[in-house]
Amino acid sequence: MTPLDTLYLASAATLAAMLVLGDWRRAGVLATLMYGVQLALLFTMQRTGSTSFDLSALGFELSWRFDALSWFFAVVTLGTAFFASWYGAGEWLRAYTGRRRLFQSALAANVFAMLLLLGSGDLLTLFVGWEATSWAGFLLMALAGGLARDAALRYLVYAMAGAMALLGALVVLFQAGGSFSYEAARATLAAMAPGPLWALIILFGLGFGAKLALLPLHLWQAAAYSETPAPGSVFLGGVVGRMGLFALALVLVGLIGIPHLQALAVPFTFLTAQDVVAWVAALTVVLPTYTALKQNDARYLLAWHGIGQGGYMLLGLIVGSALGSAGGLLHVINYAATQATLLMVVFGVRHRVGHTDLNRLGGLVARMPLSFLALLLGIISLAGLPPMSGFVSKWMVYSSLIQDGRPFLFLAAIVGTLGTILSVYKLIHNLFLGQLRAEHEQLNEAPLSMLIPMLATATLAFVTGVAPGLVLGWVADAQAAIGLPVIDYTLGGIASPRASLDMLWVVGVMFAGFGVGALLFYGAGGKTHRVHQLDNYAGGHFLDAGMRYHYSDNFYAGLMHLIGGWYRGSFHWLEGAIGSGLSLVAQGAGGWYRAINPAFYLLAASVALIAWVAL
Amino acid sequence: MNALVLPVVLPLLTAFLLQPAGRLSAALARWAGPAVLLVCAGLLVQIALLTGGEPVTAAIGGFAPPVGIVFYADALALLMAIAVPVSALLLWPRAEAGEAGVRQSALMLLLVGSGTGMALSGDLFNLYVFYELLTVASFGLASATGTGRAYVATVRYVLVSGFGSLIALAGIALLYAQTGSLNLAQLADLAPERLANPLGLAAFACLLIGFGVKAELFPVNNWVPDLYACAGKPISALLAGVVSKLAVLVLLRLTVLVFDSPEAREMLMVLGLAGLVTGELAAWRARDLPRLLAYSSIGQLGLLFVALSLPGPAGLAAALAVALHHLLVKPALFMLAERWHGSLDKLAGAGRASPLAAGLFTLFALSLVGVPPLPGFWAKLLVLLELARGAGPFDLTALALVLAVTVVEAHYLFRLVGILYSPGEFRDRHSPRALAVAGLGGAVLVAAMLTLPAVSDALAGLASQAADTAAYRTLTLGGGL
Amino acid sequence: MHRIATLLFALGLGVLLLGLAAQLPLGATPMAIGNEILARAPGEIGAANIVTSVVLAYRGIDTLGELAILFAAATAAGLVLGHAGSRSRNGEAGFILRTGSDLLFPLLLTVGFYIVLHGHLTPGGGFQGGVVLAAAFFASFLARPSHRPGHGVISLIEGLAGAAFIGIGLAALAGGGAFLQPLLDRGMLGELVSAGSLPLLYLAVGLKVGAELAGLLAQLAE
Amino acid sequence: MDMTFAPDPLALLVIGALGLIVVGAAGLAFGRHLFRLVLALGLAEAGANLLLVIAGYRWDAVAPILTGSAPAAMVDPVPQALVLTAIVIGVGVQALAVALLVRVKLAYGTLDLAELKALVERDIRAAAGIGEPDSAQAPATLPGPAGLIGERP
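Chains as they are written, first to last, in our numbering: chain A, 1 to 615; chain B, 1 to 481; chain C, 1 to 222; chain D, 1 to 153.
For the record, the hints were derived by calculation from the structure and aren't laboratory data. Since the structure is predicted, the reported quantities are computational estimates derived from the model, not experimental observations. Take every hint as true, because none was put in to throw you off.
Simulated coverage check for chain D against chain C, where a stretch passes if three residues somewhere in it have a Cβ under 8 Å from a Cβ of chain C:
| id | segment |
| --- | --- |
| 1 | 9–20 |
| 2 | 24–38 |
| 3 | 54–60 |
| 4 | 78–84 |
| 5 | 94–101 |
Calculated from the model, a selection of chain B residues having no Cβ within reach of chain D, i.e. all distances over 12 Å:
| id | residue |
| --- | --- |
| 6 | Pro-20 |
| 7 | Ala-26 |
| 8 | Val-45 |
| 9 | Val-86 |
| 10 | Gly-390 |
| 11 | Asp-395 |
| 12 | Leu-435 |
| 13 | Gly-439 |
| 14 | Val-444 |
| 15 | Ala-454 |
| 16 | Thr-469 |
Beta carbons are placed, not taken as given, at the ideal position from N, Cα and C, and that holds for glycine.
Throw the hints in and build the complete structure from the sequences for me.
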């Protein structure tokens, strides 16, 4: 039995255990332990890979194996699952009113399906894993019912459209190369004429892009992720969308190859396929990030960010240099920790308050200081500022864009980051800063079972920010696995001659600077003392608890007014137009079947048929 | 193998004698039908075991073909022939008291006899006769619910069927005028010389329209939704399940043996695509489950015709996979619709009321959409691979349409699954028999999934045997008795 | 508008069909099996009417199917109309009609049976004769609606006649031959008792068709 | 088209057969009364049968009945047998169709297509419990956008 077999067995056992014991009071703890075991098993496995079982069906060979890329994504998957499950193991589960067995099973099924996807050893297996992941995700998204069901259904449409595009690409590729194996596909793609190759790239892009929520396939994601029960949302937001990145890395980079993409020109323009993908990624960074800015629900705000961050990852990956692709991949793990932290905090607030409406919160720092700390670390990381890990990966992406001579993409990335900073400020301001509402006076800090995981992931994001070398080794192996140039790293960061970064220094200087500042302040006799929120006045009047002086409605009104008209609703319009068009055709089809005098159509059809024959 | 005729004749004999027998004893009239079906199924299984899947023929009346009528039983024909009595047994109409019940039983027996005949016969006009018998028997069964709308739906069905059969008859006339023969094997011999012309194609078009009525082929399928909505669900299940497959089998034999030309395949593909797209889109808008299933059945059969238009044993294997999958799934779904017949929106809560039924529905829906590793996925994959192999503009359009329509299918099926599992007032539960039939379908589906390699080998064997026209001709015209 | 559309469609269809039909080898059909049947039938079957040989011997199972279709139609019609419950028809026909039908009844019966029994010799046969038989019963039924033939009798005749047809076929099967293989002595070509079991089969067909049609008409007339 | 109409009685017969089919089909297509549709069907069927008989016809041949004299060339007996079968089938279907029409008339009181369509549609709707009128067969499209994007005002 290979290590991968053991891992699959453990994952399947988790699913089985949840199917049987999911209703048990301590099922969450058991699940967390089992995810922990899986994680441990993964760490005992060689990073460079392991094989697992294979079987044959209808003359096709299906095989599963891990390489370093799979391993890298599996670490993120299992890590996120572990913390998400932990988060939901204690008080959250006690308060959960839905169907517990179903929920726990759905989570375990997602993990299992994703491991299967990551282990796919050929294109057919990839599709099987892809579908398994999609449907497991659907189950997890839909099980809350109500709005979640509608959102999941919308997700399903996009996921199925993607899956079908993927399937179309696979069968075409199979017929061109005679096999589903990666080797054959690589050879076929290398020899393929530009036209069909473009078609395949578009199909693969649609297929994987639907899960990664690339523009214009992104409309489903925010609601689907946000309406899922808390640990599920954490898991989905942290890692599930990244499966699209995994598959894109596998196919676009691993099978087609960056040089081939660079050589493939868009007809009649000076652009190449690489540019197209990069610009799609850049637009995915910018537009959803500014959509996030408009959100008034903390969950949706974070989910919209998730879409944008996926764009960063793809952007880095598709640049293809050692630095850029490492940045893109590193962002996967950094972002997973960051997003998990943020979502855990937000759902912690929801657990205490009952909602996450940014217009009806504020000042919670006084009641939930540790959550505030976690959120603070999280948004620093999300905005890409030192000393958190988000800074490292984004810095790598930016540097690679500049090194690669792509100023406009760099500009787009910067604009995206600007939007991120604005919106995370909205998040922390409207949640934790400002005036505490009277009805929230009696709130408690989030329960320990939820607090520990969020602080743990925040710590992870901090540690990997200070010492990115801890995980850059994984990234380097993953790069090697898909034939990318490998990043040269140190414990503190990057050691390349053209762009080097040592976070140990950066953080050291930063904290030293803070220390100097503190020394100056206290040395100059500065004093601090706590002030109550209501120990304040405005316009000459003292404030009382009943007076609202914390304005959170219509945040960034001026900015929204400025940019609102640019992109508002165009994608909805597109989606709606497709839906209406289909609906119209469907009405016609229904009319054909409902007509009670069928023979007229028969006659018309037979005339047409005979005419066809005769002519 | 003269015994081949027995599974066709015995049900007819029983049907003739059922009414007189009903005067003697009600119990006899009630149980004779199922008993004879059991015997027929047993006989067919025994024949299959004896021959081991090798094709055999039986010359009716001892007249060697092509002068006489011949029954030809290869593995595929036997499989379909076995499916007929077995489906009929599972979907036997609920016993009505008195004469109506006896009549219904007699019609069921006639349907089984003719269905078996359609699976086995190797003579075009004989196929037409059995087809007509099946049609007339199904008229009676479809109207047996006795509601006004069932009568109207049946009248529509009669009119379309009548139109179809007269077109088929014209097609037979064209064919006969060209070749002077009705035996499929001889037609296959003569086809390259006599039928490779517009008249031959016209004959094919006519036969396609004629036999297409039962197979829910595009222009002649608009009797389907109302009839399935108004007839008894077991009858709908029977018609959508095995009966449509018998008509498909006839068309399969025709395309493989006689009309193996690109033009004929093109025609099949275009009509199949039209059915696929209109059916699935209409299902998308359907507001009640029976009609949803009827429309989706049209769509599925459209896919089947697309698969049927693909050349070679691989294309045939794809078509058979789709056909067998649909044969398994659709009757089971119709049995579930027996209780879930109202507006879709009113089904909320049904998942709680009967979890087994909802679970089965979800399983079937997943398989219909084509989610790996369920059998439906492999069937669809085979079709898609063959379409991609063709790689002509027609094939690629078909490929794109099949894929696009799958998304629509997933949407309406899982919208319904979502409704089933949402909280609601629906409390109706299924009859044990409906659940048993659906459960059996589900069990076979899962078993097929678990034994996929064996199933796929068997399928490839079936397809290569059915595609072997040389063997068909030598065995039939070589005068094997 | 409606009429113009009708006309246009019909014209188009007609022209298209004519275009196709123009390519038909009219009057010189290939007769791939026809010639062989013409050559073999007299010796093999022994019926003077070769169409009868085809109907009952070479394509006997078609005929069985045909009988079954009639039976199915009658049964289905019974099922459809059976729900209605018979409405009583009062009033008998006038004297002339009654007498006429009484006179016609034996005549029609005789003619019918004659046509049935000579089916293997002359044009005619079970179907044609059966229709005449049905007409005999139907005429009397029209004249005396109250004296309709018993439903049980009709169903008995149709059942037994159909069973007899199959029975003759099965007898051949049981004797080691094929289903519907001709039995009995072929006899002299052209004589009444010739062509083996064919007259028997036609008798069964005639009775069955007669009963079927009588039943159908009676049901519809109700 | 290499058609030689004038001296050819068979061609006239073919035209007759096709004419019957066309008239029947047109009647089927544009008839507004169910009973007329059934009649049109019968007409078209007669045309198809005629076509079938013609398919077996030969010049200079007699009916396939042995009369004792020297056997002349005979026409193909098979189509004649087929037509016999086809006619009977047609009769059965027509009878059944008329039986069904009787029931339809009893149930709805009309055989007019337009009236029937409305009546049946209403009936099916009522039976299925779908109350809304036709126009409310609302496009069952994707769930409405506003709520699901999270853009709540």
